[in-house]
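Protein chains in written order, with my numbering: chain W, -7 to 443; chain G, -7 to 443.
Take these hints with a grain of salt, some might be off.
Note that the list lumps identical chains together, so a pair holds whenever it fits in one copy or between two copies.
Claimed, not checked - BS3-like cross-link-like pairs, simulated, lysine-lysine; straight-line CA separation at most 30 Å:
{"no.": "1", "residue 1": "Lys261", "residue 2": "Lys202"}
{"no.": "2", "residue 1": "Lys64", "residue 2": "Lys261"}
{"no.": "3", "residue 1": "Lys438", "residue 2": "Lys202"}
{"no.": "4", "residue 1": "Lys369", "residue 2": "Lys261"}
{"no.": "5", "residue 1": "Lys64", "residue 2": "Lys202"}
{"no.": "6", "residue 1": "Lys202", "residue 2": "Lys369"}
{"no.": "7", "residue 1": "Lys438", "residue 2": "Lys64"}
{"no.": "8", "residue 1": "Lys369", "residue 2": "Lys64"}
Keep in mind that the hints were calculated from the coordinates and are not lab data.
2 protein chains.
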Amino acid sequence: MASSERLVVIGGDAAGMSAASQLRRMRPDVEIVAFERGPHTSYSACGMPYLVGGLVDDPRALVARSPAGFAKLHIDARVMHEVEEIDLAERRVRGRRRDDGTSFDEGFDRLLVATGTVPIRPPLPGSDAAGIYGLGILDDGIRLRRAVDEERPRRAVIVGGGYIGLEMAEALLERGLDVTVVEAAATVLGTLDPDMGELVGQALRDAGAKLSLDEPVTGFETRGGTVAAVVTAARTHPADIVVLGIGVRPNAALARAAGIPLGETGAIKVNDRMQTAVDGVWAAGDCVESFNLVSRRPVHFALGTIANKQGRIAGINLGGGYARFPGVLGSAVTKICTVEVARTGLQEREARAAGFEFVTARIDSRTRSGYYPGVGKITVKVLAERGSGKLLGAQIVGAEGSGKRIDVFATALAAGMTAEEFSYLDLSYAPPFAPVWDPVLIAARKAAEAL
Amino acid sequence: MASSERLVVIGGDAAGMSAASQLRRMRPDVEIVAFERGPHTSYSACGMPYLVGGLVDDPRALVARSPAGFAKLHIDARVMHEVEEIDLAERRVRGRRRDDGTSFDEGFDRLLVATGTVPIRPPLPGSDAAGIYGLGILDDGIRLRRAVDEERPRRAVIVGGGYIGLEMAEALLERGLDVTVVEAAATVLGTLDPDMGELVGQALRDAGAKLSLDEPVTGFETRGGTVAAVVTAARTHPADIVVLGIGVRPNAALARAAGIPLGETGAIKVNDRMQTAVDGVWAAGDCVESFNLVSRRPVHFALGTIANKQGRIAGINLGGGYARFPGVLGSAVTKICTVEVARTGLQEREARAAGFEFVTARIDSRTRSGYYPGVGKITVKVLAERGSGKLLGAQIVGAEGSGKRIDVFATALAAGMTAEEFSYLDLSYAPPFAPVWDPVLIAARKAAEAL
């Protein structure tokens, strides 16, 4: 390649900048230009609830590397630059600066699309009112934090009981607000089975949140352009502030308009090396489709861990190396008030959709030896396939020390382990850390016995 | 089988009583008699440091099930009964009651040997003095707790810097004693590589313990039959109380005398179903030899997790079921003062002894996102085989949240995973639990790059 080769990256967060940094390590000669529509690069979107809740005070703490930091690596990261068009015939991107409104136009030899997600905004009356916050980019979190600090809202309504919604519920409880979570489904956390999600719902109620379940939102009442209430079929929830946590969708419009093929999930289709179907065009992170190792189907997850791994793999391959992304399990963990919550693999609904027949086992145990101070409750649920006996997924809700246990299941799922094999794993034990039979082993054993 | 069939169990702790309970679930008709030389059944030996340190006040909390509890399961658990002879020709065991000195003699159809370990006592002058405590059975821990409560010793010397020794060091620091750990090797915790053991040694020093390393003990000074000092080649350590934590050896003398074959480790040889070479004689727990899944060699570990699993498997097979014990990894975790310490698989010395060529990778990272309150340091070391790239072992020392991460490596070792495969595992992430690249992934990636 000529030394004037240029990589353009669209999107300055985890996937895009991991790829850029990895490529830079391997190829000092390639010119790298990254365009980011927001004012920040490489930030921890997952940290926004802690910024709003006050555990983190300085938003800069959430930024892993700023444009100035990338400049030291000779990576030209241009913030407030919104790419509006990918011209594959001319090998150029075109767009507009969000600070001064001027347009830009940049050629590329190779392109990496890392445009992330867009938060879903319901097409409902009033949804554009002031006081309604989505959480897409770091700036959204900064604005919400400022609103809580300065406007002293009293009543918050969270629309959507997913991870972000519940983390925001906890954050706003911490700030002393009255918090109501409005969720269309019968339990919160739809990525868990309802029986497990209910445990999380109870923890939220115990912490003082109100949960309004089975209540799809039908609109927003506004007063002078500012939100005043969230309206559902059942009732009206007065609100000084509203946080939307309804989910995200892959931000693939730009790619689709350029003719880069998407997959069945609506995210950009890539191979294991993060190449799209268009020569010289790569994609990684929240905007791409992944392969689920258990269902063996395409899936879309928007998770920082996956984005970082895919970015690294794109960077290695762009740099002339060889790396393949094996796939995902949808592993996730979070802390909601007093409980830790985690899942990996398939939940019941997903397992059924993928055509599996399976048994489930759910056990209650303890996080430590019963006599050790600080011992708490833990509930573990396991799905295992009939016939093969293979583990399909696991979910955990429990006290401190519960959540990260999910990684043992994630590792076993990646290895295709059976419930029986899992139940005799030589896991570590000491009274401050576990009962002598770790709860994950008890759950797997119960599943093995049910098979 | 006739309804008068009788199983005799020698040893009333984890392995023996797990087997008895499992058998009872499957076979209500079999008569089960268990002989235990101490006064307690099914206790948590691992809990003794917390009893001595005062985190646990009532020794009964360490007993999972008493003889009265076993009686309800129609299991006849006879404490203070020391079996002194196994007569295989007559199918009888004979022994002496430790309470009243009377002898007993009991026939069996099948026998389970679960005699555990004996603490190593150095054959040194003065080693039988009062004030020197081994920690073999729960009663030893109760006696030590009472001595600390009532005799108010000021200076404690721990002989041996293994898990038990260091846990006791922490416990006695908690009780306000001056604590010195005397260790023959150059670092504490010989089941870790020296560079990792040194991190634990530093944590102990920071907590106020004195470490005297490279100092084999040569004897004990006594005064009026009570210990007064621990003597090494280098110096004399005055002591009001001494705790021996030099290790344990399989308690296999009874089996050997009866002609039950031992393995090369000196522990009883069993097959994967926990059968000895003698028809109708089974063995499980700390007195048997296990198969190391990584080195593929016989090993002896005295760990409650293994004992419980083996006991369960013996019980299933005794009950007419079918279960095989897959093997062990030597996974272990503990908390020593401010650090959590864990290991699984082979350390460098063991890997060399087993003929492996390997790379090591050691990384420093953090337990949580850098901005999340309570974040601490974690060091992870990984061994991976040259050629195959397979993981051979891992060691972790770090702040709260570090230790149980070892289970991810244990699972990967059981599955025969390579460092490269491991480095892309879809592990869970959220700021309260991990950086976006979990430290275990960073360590595996570094090992993969070194291969």
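Consistency of the hints with the structure:
| no. | hint | verdict |
| --- | --- | --- |
| 1 | Lys261 / Lys202 | neither (40 Å within a copy, 60 Å between copies) |
| 2 | Lys64 / Lys261 | neither (33 Å within a copy, 62 Å between copies) |
| 3 | Lys438 / Lys202 | neither (35 Å within a copy, 47 Å between copies) |
| 4 | Lys369 / Lys261 | neither (42 Å within a copy, 39 Å between copies) |
| 5 | Lys64 / Lys202 | neither (48 Å within a copy, 46 Å between copies) |
| 6 | Lys202 / Lys369 | within (23 Å within a copy, 37 Å between copies) |
| 7 | Lys438 / Lys64 | between (55 Å within a copy, 24 Å between copies) |
| 8 | Lys369 / Lys64 | between (48 Å within a copy, 27 Å between copies) |
Hint compliance for this structure: hints 1, 2, 3, 4 and 5 are broken, all remaining hints hold.
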